[in-house]
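Undergrad: Sequence lines, in order, name chains D and L. Position in the first sequence counted from 1, then plus 534, gives you the numbering used here. Position in the second sequence counted from 1, then plus 534, gives you the numbering used here.
It is possible that part of the hints are untrue.
Pairs count within a copy or across copies, as identical chains cannot be separated in the list.
The calculated lysine-lysine pairs, modelled on DSS-like cross-linking and capped at a C-alpha distance of 25 angstroms, are [as the list claims (entries may be wrong)]:
{"#": "1", "residue 1": "K766", "residue 2": "K563"}
{"#": "2", "residue 1": "K624", "residue 2": "K877"}
{"#": "3", "residue 1": "K703", "residue 2": "K539"}
{"#": "4", "residue 1": "K921", "residue 2": "K539"}
{"#": "5", "residue 1": "K735", "residue 2": "K877"}
{"#": "6", "residue 1": "K703", "residue 2": "K735"}
{"#": "7", "residue 1": "K921", "residue 2": "K733"}
{"#": "8", "residue 1": "K928", "residue 2": "K877"}
{"#": "9", "residue 1": "K624", "residue 2": "K563"}
{"#": "10", "residue 1": "K928", "residue 2": "K624"}
{"#": "11", "residue 1": "K735", "residue 2": "K563"}
{"#": "12", "residue 1": "K928", "residue 2": "K539"}
{"#": "13", "residue 1": "K884", "residue 2": "K735"}
{"#": "14", "residue 1": "K539", "residue 2": "K624"}
{"#": "15", "residue 1": "K735", "residue 2": "K921"}
{"#": "16", "residue 1": "K624", "residue 2": "K870"}
{"#": "17", "residue 1": "K914", "residue 2": "K877"}
{"#": "18", "residue 1": "K884", "residue 2": "K870"}
{"#": "19", "residue 1": "K678", "residue 2": "K695"}
Simulated from the structure, these hints should not be mistaken for laboratory data. Keep in mind the model is a prediction, meaning the values are calculated, not measured.
In case you want the letters, here they are:
Protein chains: 2
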Amino acid sequence: MITPKMQQLVAGGSVIRAMFEEGRLMAAKYGAENVYDFSLGNPNTPPPASVREAIIDILNEEPELMVHGYMSNVGYEDVRASLAQSINQKQGTDLTARNIVMTVGAAGALNVVMKTILEPGDEVLLQAPFFGEYLNYISNFDGKAVIIPPEFTTFSINFEKLEEAISPKTKAMILNTPNNPTGAIYSEADITRLCEMLKSKEQEYGHAIYLISDEPYREIVFGGEEVPYLPKYYDNVFVGYSYSKTLSLPGERIGYIVAPNTLEDIDGTIAALSVANRILGFVNAPSLMQRVVARLDGQTADMSVYHENKEVLYEALTSYGYEMVEPKGAFYMFPKTFLPDDKAFCAAAKEEHILIVPGSTFACPGYFRLAFCVSRETVKNALPGFKRLAEQYK
Amino acid sequence: MITPKMQQLVAGGSVIRAMFEEGRLMAAKYGAENVYDFSLGNPNTPPPASVREAIIDILNEEPELMVHGYMSNVGYEDVRASLAQSINQKQGTDLTARNIVMTVGAAGALNVVMKTILEPGDEVLLQAPFFGEYLNYISNFDGKAVIIPPEFTTFSINFEKLEEAISPKTKAMILNTPNNPTGAIYSEADITRLCEMLKSKEQEYGHAIYLISDEPYREIVFGGEEVPYLPKYYDNVFVGYSYSKTLSLPGERIGYIVAPNTLEDIDGTIAALSVANRILGFVNAPSLMQRVVARLDGQTADMSVYHENKEVLYEALTSYGYEMVEPKGAFYMFPKTFLPDDKAFCAAAKEEHILIVPGSTFACPGYFRLAFCVSRETVKNALPGFKRLAEQYK
Numbered sequence: 535m536i537t538p539k540m541q542q543l544v545a546g547g548s549v550i551r552a553m554f555e556e557g558r559l560m561a562a563k564y565g566a567e568n569v570y571d572f573s574l575g576n577p578n579t580p581p582p583a584s585v586r587e588a589i590i591d592i593l594n595e596e597p598e599l600m601v602h603g604y605m606s607n608v609g610y611e612d613v614r615a616s617l618a619q620s621i622n623q624k625q626g627t628d629l630t631a632r633n634i635v636m637t638v639g640a641a642g643a644l645n646v647v648m649k650t651i652l653e654p655g656d657e658v659l660l661q662a663p664f665f666g667e668y669l670n671y672i673s674n675f676d677g678k679a680v681i682i683p684p685e686f687t688t689f690s691i692n693f694e695k696l697e698e699a700i701s702p703k704t705k706a707m708i709l710n711t712p713n714n715p716t717g718a719i720y721s722e723a724d725i726t727r728l729c730e731m732l733k734s735k736e737q738e739y740g741h742a743i744y745l746i747s748d749e750p751y752r753e754i755v756f757g758g759e760e761v762p763y764l765p766k767y768y769d770n771v772f773v774g775y776s777y778s779k780t781l782s783l784p785g786e787r788i789g790y791i792v793a794p795n796t797l798e799d800i801d802g803t804i805a806a807l808s809v810a811n812r813i814l815g816f817v818n819a820p821s822l823m824q825r826v827v828a829r830l831d832g833q834t835a836d837m838s839v840y841h842e843n844k845e846v847l848y849e850a851l852t853s854y855g856y857e858m859v860e861p862k863g864a865f866y867m868f869p870k871t872f873l874p875d876d877k878a879f880c881a882a883a884k885e886e887h888i889l890i891v892p893g894s895t896f897a898c899p900g901y902f903r904l905a906f907c908v909s910r911e912t913v914k915n916a917l918p919g920f921k922r923l924a925e926q927y928k
Numbered sequence: 535m536i537t538p539k540m541q542q543l544v545a546g547g548s549v550i551r552a553m554f555e556e557g558r559l560m561a562a563k564y565g566a567e568n569v570y571d572f573s574l575g576n577p578n579t580p581p582p583a584s585v586r587e588a589i590i591d592i593l594n595e596e597p598e599l600m601v602h603g604y605m606s607n608v609g610y611e612d613v614r615a616s617l618a619q620s621i622n623q624k625q626g627t628d629l630t631a632r633n634i635v636m637t638v639g640a641a642g643a644l645n646v647v648m649k650t651i652l653e654p655g656d657e658v659l660l661q662a663p664f665f666g667e668y669l670n671y672i673s674n675f676d677g678k679a680v681i682i683p684p685e686f687t688t689f690s691i692n693f694e695k696l697e698e699a700i701s702p703k704t705k706a707m708i709l710n711t712p713n714n715p716t717g718a719i720y721s722e723a724d725i726t727r728l729c730e731m732l733k734s735k736e737q738e739y740g741h742a743i744y745l746i747s748d749e750p751y752r753e754i755v756f757g758g759e760e761v762p763y764l765p766k767y768y769d770n771v772f773v774g775y776s777y778s779k780t781l782s783l784p785g786e787r788i789g790y791i792v793a794p795n796t797l798e799d800i801d802g803t804i805a806a807l808s809v810a811n812r813i814l815g816f817v818n819a820p821s822l823m824q825r826v827v828a829r830l831d832g833q834t835a836d837m838s839v840y841h842e843n844k845e846v847l848y849e850a851l852t853s854y855g856y857e858m859v860e861p862k863g864a865f866y867m868f869p870k871t872f873l874p875d876d877k878a879f880c881a882a883a884k885e886e887h888i889l890i891v892p893g894s895t896f897a898c899p900g901y902f903r904l905a906f907c908v909s910r911e912t913v914k915n916a917l918p919g920f921k922r923l924a925e926q927y928k
């Protein structure tokens with residue numbers, strides 16, 4: 535008596551999550567050191583020591599009824615004010631507390647935004663390859679995902695196909711930069727071109743087309759790349775942010791939405807985000823963690839390991855013959871599989887105790903995603919397996 | 535461009551949440567000690583000291599990558615095993631870790647269950663008066679709420695009207711005991727009668743009718759009342775639990791679903807609950823708090839203040855002429871208003887700086903809800919205002 539839709543979802547499963555579970559079982563069987571799990575974006579870098587210190591300071595300094603109690607559904611006013619100020623300093627924006635809605639991670643943020651704007655049948659553009667969960671977040675509200683085929687040379691935006699995909703039913707586009715699964719960062723030129731195209735379509739169709747920027751990887755950037763901040767380029771924009779990756783707190787489910795004053799019907803929109811956060815069952819973002827991130831905003835875990843892992847893997851894998859676009863940020867790379875069937879290739883990798891995710895999960899078959907948010911040892915010890923795979927299937 | 539449904543919800547607002555916001559403004563204006571806010575179920579009793587200790591112990595003893603990291607979408611295996619065991623000890627059930635899904639509070643639990651079982655048009659029975667958010671949780675999944683009129687003598691189940699309300703489209707009934715807003719506890723006789731009726735309807739219609747027991751107030755009981763545990767009386771049952779009230783952690787959003795082995799298609803159901811938790815954007819219940827409640831299960835905040843508040847308020851208000859059913863649990867009472875228009879009466883109470891919620895919010899006009907999870911001083915200082923209201927409007 536579970537719904538047919540849920541039966542389908544259960545049968546389809548999340549390939550990534552299934553691998554995570556399988557990785558746990560394999561680790562128990564073969565020993566954790568003999569399984570090379572590149573399947574999930576679960577940071578291996580510990581949170582900065584300041585997370586622990588902040589928790590203890592809050593418990594010592596702040597009234598416990600406030601720390602663990604209800605607050606407005608949008609979050610603590612002082613936390614939101616402090617995050618707004620911090621974004622303003624970095625980005626030159628003019629946000630205030632009202633523009634910030636604290637959420638249960640970026641996944642919560644995206645669902646709250648979808649609930650606010652999506653009517654049944656509304657179309658949401660997704661540039662492939664993309665994080666497969668977006669399909670569920672859109673489907674939760676009976677929206678329709680419209681997939682733009684990949685632009686294979688840089689994994690940026692495929693403008694030709696985008697123009698074909700936009701329709702009067704387009705309500706939104708989700709952008710994810712730095713990108714999961716490719717590690718691409720959309721350039722300022724591409725962002726400008728995208729925003730101009732969407733603005734002209736807004737005028738043509740006479741209604742808002744929202745850009746929803748999913749930015750959990752904003753601070754994970756190699757070699758000083760700039761990640762353009764969407765609110766500076768576009769009016770009808772939401773930013774979803776998460777501390778999961780930058781503070782290595784993915785289990786804590788803490789993030790926020792930025793809803794800038796340039797949004798159409800800003801008062802109604804902020805009120806609706808608050809209602810959506812409440813009625814979807816989030817109620818509010820976890821309270822202690824709200825207070826923690828306010829104290830730590832701007833800090834990150836030590837991310838040098840991701841940079842090093844990227845360097846080692848990129849050099850080794852390309853030397854073995856793997857073809858890929860070099861990642862500029864996030865902690866993913868997205869090489870071609872040697873077999874046309876990416877699922878078969880990932881199954882072959884499992885024989886080497888290497889867990890990687892088929893590109894088809896990201897609407898881009900013929901590739902695989904490798905999440906390198908792992909220890910240096912995992913990277914080093916996995917290289918012979920990657921080499922054997924190349925030799926066997928190249 | 536926010537959806538018409540959200541526009542309506544924003545315009546309608548949550549009366550309770552609006553009062554909470556207004557209470558904050560009034561406290562700033564008149565001084566917190568001069569505002570008597572009985573509007574929200576926000577515990578005034580601090581969490582037990584063991585919460586603070588557990589957090590610090592966990593930070594000192596457990597690996598931080600595990601404490602703050604991803605785990606299975608259903609929650610940590612050891613946490614779920616420990617909670618299952620604790621429930622078994624109390625209730626004589628035979629739950630294991632697989633029967634527990636950790637959730638973002640009871641609100642998250644209910645939404646995850648609804649997502650799992652509700653198809654558009656499915657009917658969900660609600661015994662009035664009930665927590666108004668249930669309407670949104672049902673509507674989130676295009677279900678239809680079917681309201682059973684109150685049984686006014688004890689605020690238990692109105693069996694006559696229930697029988698009229700059940701239809702072949704009935705998919706579920708939400709039960710809430712101890713009850714918000716009345717403080718009623720459904721007796722074992724009533725539970726038995728209810729379960730027999732639903733079982734016979736399951737057979738008549740040839741499909742499951744789920745009982746969803748929302749139990750955030752299970753441990754708040756006056757005078758040793760027993761709260762029957764639904765899985766002992768019914769097969770197709772889900773229990774939603776929250777630590778918000780019993781550990782005074784409402785901001786932390788931590789709770790769980792019990793899905794017993796008696797459920798139809800138990801394997802599929804548990805898998806679906808896990809998927810629903812993930813795709814609705816919860817992903818998993820906040821990780822540190824999962825570990826905290828596992829260490830503290832069975833402990834509660836000091837709830838004697840609720841009992842005392844109930845005694846003082848019940849005695850004083852009935853002596854002023856207020857009519858009500860004496861609450862047996864939770865921290866609410868639900869007296870009749872002296873004006874037929876309950877909203878007008880609550881507006882009059884605001885003139886006395888008393889914030890109470892109209893019964894119409896709970897599908898029961900002509901009454902008001904008073905949340906007495908407040909300090910003894912608030913209770914004491916509010917009494918003259920309640921007296922003046924009675925004298926003026928009786």
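Undergrad: Provide an ascending list of the numbers of those earlier hints which the structure does not satisfy.
TA: As far as the earlier hints go, 1, 2, 4, 5, 7, 9, 10, 11, 12, 13, 14, 15 and 16 are violated by this structure, in ascending order.
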